[in-house]
Amino acid sequence: MKDSFFRSMTWLHTWVGLLFCWLLWLVFFAGTLSFFRQEITLWSKPELHQHSMAVQSAQQDLLDYGFNRLNTEAPDAARWWISLPSERNPLLRVSHLPYAQSGEKASWVNHNLAADSKTPITTRETKGGSFFYRLHFDLHYMDRTTARWIVCLASLFMLVALISGIVIHKRIFKDMFQFRAGKGSRSWLDGHNLSSVLALPFHLMITYTGLITLIFTLFPYPAQTVYEDGVKEFRKDFYPERQRPQQSHEALSTPAFAQSLDHFFTNWPEQPISRIIIDHPQDAAAVMKIYGANRSEIKDEQAVWLYSGKTGELLNTVHLEDSAAAQLYGGMIAMHTGRLASTGLRWLYFLCGLAGCAMIATGCVMWAKRIRERQKPTQSASFGLKLVESLNLAAIMGLPLATSAFFYANRLLPVGHSGRADQEVLAFFLTWAATALFAAKWRNQQGWRTLALVNALAWLLLPLCNALTTQGNLISYASNGQWALFMFDILALLAAAVFFWQSNKLQSAPQTRPQRARTERAA
Numbered sequence: 001m002k003d004s005f006f007r008s009m010t011w012l013h014t015w016v017g018l019l020f021c022w023l024l025w026l027v028f029f030a031g032t033l034s035f036f037r038q039e040i041t042l043w044s045k046p047e048l049h050q051h052s053m054a055v056q057s058a059q060q061d062l063l064d065y066g067f068n069r070l071n072t073e074a075p076d077a078a079r080w081w082i083s084l085p086s087e088r089n090p091l092l093r094v095s096h097l098p099y100a101q102s103g104e105k106a107s108w109v110n111h112n113l114a115a116d117s118k119t120p121i122t123t124r125e126t127k128g129g130s131f132f133y134r135l136h137f138d139l140h141y142m143d144r145t146t147a148r149w150i151v152c153l154a155s156l157f158m159l160v161a162l163i164s165g166i167v168i169h170k171r172i173f174k175d176m177f178q179f180r181a182g183k184g185s186r187s188w189l190d191g192h193n194l195s196s197v198l199a200l201p202f203h204l205m206i207t208y209t210g211l212i213t214l215i216f217t218l219f220p221y222p223a224q225t226v227y228e229d230g231v232k233e234f235r236k237d238f239y240p241e242r243q244r245p246q247q248s249h250e251a252l253s254t255p256a257f258a259q260s261l262d263h264f265f266t267n268w269p270e271q272p273i274s275r276i277i278i279d280h281p282q283d284a285a286a287v288m289k290i291y292g293a294n295r296s297e298i299k300d301e302q303a304v305w306l307y308s309g310k311t312g313e314l315l316n317t318v319h320l321e322d323s324a325a326a327q328l329y330g331g332m333i334a335m336h337t338g339r340l341a342s343t344g345l346r347w348l349y350f351l352c353g354l355a356g357c358a359m360i361a362t363g364c365v366m367w368a369k370r371i372r373e374r375q376k377p378t379q380s381a382s383f384g385l386k387l388v389e390s391l392n393l394a395a396i397m398g399l400p401l402a403t404s405a406f407f408y409a410n411r412l413l414p415v416g417h418s419g420r421a422d423q424e425v426l427a428f429f430l431t432w433a434a435t436a437l438f439a440a441k442w443r444n445q446q447g448w449r450t451l452a453l454v455n456a457l458a459w460l461l462l463p464l465c466n467a468l469t470t471q472g473n474l475i476s477y478a479s480n481g482q483w484a485l486f487m488f489d490i491l492a493l494l495a496a497a498v499f500f501w502q503s504n505k506l507q508s509a510p511q512t513r514p515q516r517a518r519t520e521r522a523a
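Following this note's numbering, the numbering of the sequence shown begins with 1 at its first residue and continues without gaps.
In case anyone wonders, no lab produced these hints; they're calculated from the structure. A couple of the hints might just be wrong.
Said to hold, decoys possible - Computed Cβ-Cβ distance ranges for the label pairs, DEER-style:
1) 225 to 316: 38 to 46 angstroms
2) 120 to 212: 37 to 45 angstroms
3) 6 to 233: 30 to 38 angstroms
4) 225 to 383: 41 to 49 angstroms
5) 497 to 347: 13 to 21 angstroms
6) 6 to 494: 37 to 45 angstroms
7) 387 to 216: 47 to 55 angstroms
8) 457 to 236: 46 to 54 angstroms
9) 216 to 498: 37 to 45 angstroms
10) 202 to 238: 37 to 45 angstroms
11) 417 to 383: 51 to 59 angstroms
12) 480 to 219: 28 to 36 angstroms
Unchecked claim - Calculated cross-link-like contacts (lysine-lysine; reagent style DSS-like; alpha-carbon spacing at most 30 angstroms):
13) 505 to 369
14) 441 to 386
15) 170 to 236
16) 232 to 170
17) 236 to 118
18) 289 to 369
19) 118 to 310
20) 45 to 289
21) 105 to 299
22) 289 to 310
23) 310 to 236
24) 299 to 369
25) 386 to 289
From the three backbone atoms N, C-alpha and C, an ideal C-beta is built for every residue, glycine too.
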């Protein structure tokens, strides 16, 4: 019975891991980059690099400037938005949304300003780190709801694979310190065990909380039971700050925004502000929403203060004292996204995410290696084995190469080119598609070595491309204390070193028996 149980768990672990491993590789890879989402966006906008240090300006002064600018430029707008600078975002952003004309959808008008001098800064169009953030759960080129269902299903398979892996792991603590190099599939198994066990708490946490973030996609039934309109009405009740008041069409001659700010700073003097949004700023139904910064608190939703634009009185506070259930839900989302993390903790998230990528990649390769080693010298590979080998090469080597292409496109595309953000994304997927075509034809050891060398060259030359197309480089970043930009170049060089090392290992690695037999027959 015991042997049968462990054999069943091994079968379950193998197949639930293999069926979604390439999608999980994408989710983990893009999600790991998303922990430095704002830093990637900062790198993608070199026009901001001279303003990359957070400015120690009083928030009230910046807000006064933002209100004066909006009152002058867009007094009749439907919404005002003022985003204050932070340690990870050096800009003061002042935006307004005009009222939509008949049959048309209004677009935001954004002004990015240097927080110190208030001078406008024009930045290139780019998705930056937001592309990887959305990619890891919304995928791309497909319906959002469908994509989230697919990612939820993959996450459920991941959770099953983790739990079954723990069950079949007989030497879980010993494997933390064991790696046998040059042993074929045994080495891949050791690498799989090592990357799994070292960051196992993180893998369990990030997978489970990932499911929690999309829980209403999976289980909308409680909300449908309580609310007539289901999840939509539930969100209106749970997120009142996201609802917009109806316009009264009564002009507001003297808005009470200053009184509201005075009340806020008097009663919550230690609370930093992340942004302010005002609905219908010149209408009697105007509502000003002050969003507080969470700092390192383990919560996802920011506390919000809602003030009447007509009287200046406090209408409501949201997420200031949530219920225990709301705190648990928000805390899990905060743990998944890493928004609570300081710089050191964010790096720990990043390293554990890389361990997750290694765990998935080694599992993919190990399955194909074991099948290859069990084949007879004269036996040809099955279609399934060829497909797995091609997908392994396309995913594991193609995704890093496509990511480098995304960054090259950011630097090489004309700055004022229309639709350049979408063309950065197109460069990403075209590169990945080209890698997949290559992998379909050359999925052998030489194909892996070729793509390892291409990746190494791509990441090695990326800091040089950055230095030639912008005013900054590795040395200037270090001397100016621009550590986010400095670490971007350092990580690119480290990635190049890893791929060079991998290409050398592939050159000296022995071939499997079927590969040797085919080589001898060809000779």
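Hint check results:
no., hint, in the structure
1, 225 to 316: 38 to 46 angstroms, "26 angstroms, violated"
2, 120 to 212: 37 to 45 angstroms, "41 angstroms, holds"
3, 6 to 233: 30 to 38 angstroms, "48 angstroms, violated"
4, 225 to 383: 41 to 49 angstroms, "47 angstroms, holds"
5, 497 to 347: 13 to 21 angstroms, "18 angstroms, holds"
6, 6 to 494: 37 to 45 angstroms, "39 angstroms, holds"
7, 387 to 216: 47 to 55 angstroms, "35 angstroms, violated"
8, 457 to 236: 46 to 54 angstroms, "53 angstroms, holds"
9, 216 to 498: 37 to 45 angstroms, "39 angstroms, holds"
10, 202 to 238: 37 to 45 angstroms, "28 angstroms, violated"
11, 417 to 383: 51 to 59 angstroms, "43 angstroms, violated"
12, 480 to 219: 28 to 36 angstroms, "50 angstroms, violated"
13, 505 to 369, "16 angstroms, holds"
14, 441 to 386, "10 angstroms, holds"
15, 170 to 236, "49 angstroms, violated"
16, 232 to 170, "47 angstroms, violated"
17, 236 to 118, "36 angstroms, violated"
18, 289 to 369, "57 angstroms, violated"
19, 118 to 310, "29 angstroms, holds"
20, 45 to 289, "29 angstroms, holds"
21, 105 to 299, "33 angstroms, violated"
22, 289 to 310, "13 angstroms, holds"
23, 310 to 236, "23 angstroms, holds"
24, 299 to 369, "44 angstroms, violated"
25, 386 to 289, "57 angstroms, violated"
Taken one by one, the earlier hints fail for this structure at numbers 1, 3, 7, 10, 11, 12, 15, 16, 17, 18, 21, 24, 25, listed in ascending order.
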